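Undergrad: Residue numbers (my numbering), protein chains in the order written: chain A, 1 to 113; chain B, 1001 to 1113.
Worth flagging that the hints you see were computed from the coordinates, not collected in a lab. Values in this document were obtained by computation on a predicted structure and should not be read as measured data. Do not rely on the hints blindly, as some may be mistaken.
Sample of chain A residues facing chain B (criterion: CB under 8 Å; computed from the structure) [stated by the list, open to error]: (1) Ser9; (2) Ser27; (3) Ala31; (4) Gln41; (5) Pro43; (6) Tyr48; (7) Ala54; (8) Pro98; (9) Asn99; (10) Glu101; (11) Gly105; (12) Gly107.
In silico DSS-like links for lysine-lysine, alpha-carbon gap of 27 Å or less [what the hints assert, rightly or not]: (13) B:Lys1037 with A:Lys11; (14) B:Lys1105 with A:Lys11; (15) B:Lys1068 with B:Lys1042.
Each residue gets a CB set at the ideal place from its N, CA and C atoms; glycine is no exception.
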Amino acid sequence: GAGVSQTPSNKVTEKGKYVELRCDPISGHTALYWYRQSLGQGPEFLIYFQGTGAADDSGLPNDRFFAVRPEGSVSTLKIQRTERGDSAVYLCASSQAPNTEAFFGQGTRLTVV
Amino acid sequence: GENVEQHPSTLSVQEGDSAVIKCTYSDSASNYFPWYKQELGKRPQLIIDIRSNVGEKKDQRIAVTLNKTAKHFSLHITETQPEDSAVYFCAVSGGGSNYKLTFGKGTLLTVNP
Chain A
1 GAGVSQTPSN KVTEKGKYVE LRCDPISGHT ALYWYRQSLG QGPEFLIYFQ
51 GTGAADDSGL PNDRFFAVRP EGSVSTLKIQ RTERGDSAVY LCASSQAPNT
101 EAFFGQGTRL TVV
Chain B
1001 GENVEQHPST LSVQEGDSAV IKCTYSDSAS NYFPWYKQEL GKRPQLIIDI
1051 RSNVGEKKDQ RIAVTLNKTA KHFSLHITET QPEDSAVYFC AVSGGGSNYK
1101 LTFGKGTLLT VNP
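With the rest of the complex left out, here is chain B:
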């Protein structure tokens, strides 16, 4: 089955700095790569996603890049703000006819004022 590795597990940055979180996956047939943000005690919410026919996608301060050859994708947050502090999860799905969404273990991002 699909194996998703996420790094780092914790990340602390100063307000205004950039943050980068990386994920690797094992199934080369996977074709959908969302990122979710989960604040303490709340449900995960989608912040950005990318499909395998696109190498990069940007939405304001958030961007995702995908390298299908290397089977890894990354989340980039620029000009971080304290409200960006949360746990971020990458996920992968779409291998073959299997649309199961497999999550990484998460990255706790802390943005220090």
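This is chain A alone, in the form it adopts within the complex:
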């Protein structure tokens, strides 16, 4: 595709449920980032992949959050036992190399009820 694609665009789930959010980066981009953005706030870093490996996962809030990128392309952010405080827009971005322009997807709006 031409840009970073995230699915679903919207997700409503019940408290305690498990959710998976998917990110398709731009083809050939080795760096992939996950961010969380709440209303009126800047993107909050969650995790950064370089290739298949998580180069920095220091932003994951707790062990309910996990992300994978098994083949160095598509990434999935997984949230277990969702809580109302997890409600936010989850943004994915990719870049051709570290410290080059990061292109963002349109985000997944997660609502936990």
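Following the hints, position chain B against chain A.
TA: The following block gives chain B in isolation, referenced to the frame of chain A:
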């Protein structure tokens, strides 16, 4: 970890005036400083970036200046237009071998016709 402070949080200017947004950072090893524009309900998009070996960069009405000694950088928009109204985020990355992109909290710029 990296700490990015952005000021002001809101900025209102008259069309044709200049706007300046400032960011400070904490990690002296950081070497990549992009600025993103986010319109309501849309994804962040890069408008300009600068690297630590350059003190200033300009692209038409937009410029960024970097003071590495003081660890701050600024976005300058001249001849503002109503379509410049958006939230602007600064970001910082590249400290050591860590390419995590850390964002400021954003500045809501309103350009009044």
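Undergrad: Which constraints among the numbered hints does this structure fail? Numbers only, ascending.
TA: When the structure is compared with the hints, numbers 1, 2, 7, 15 turn out to be violated.
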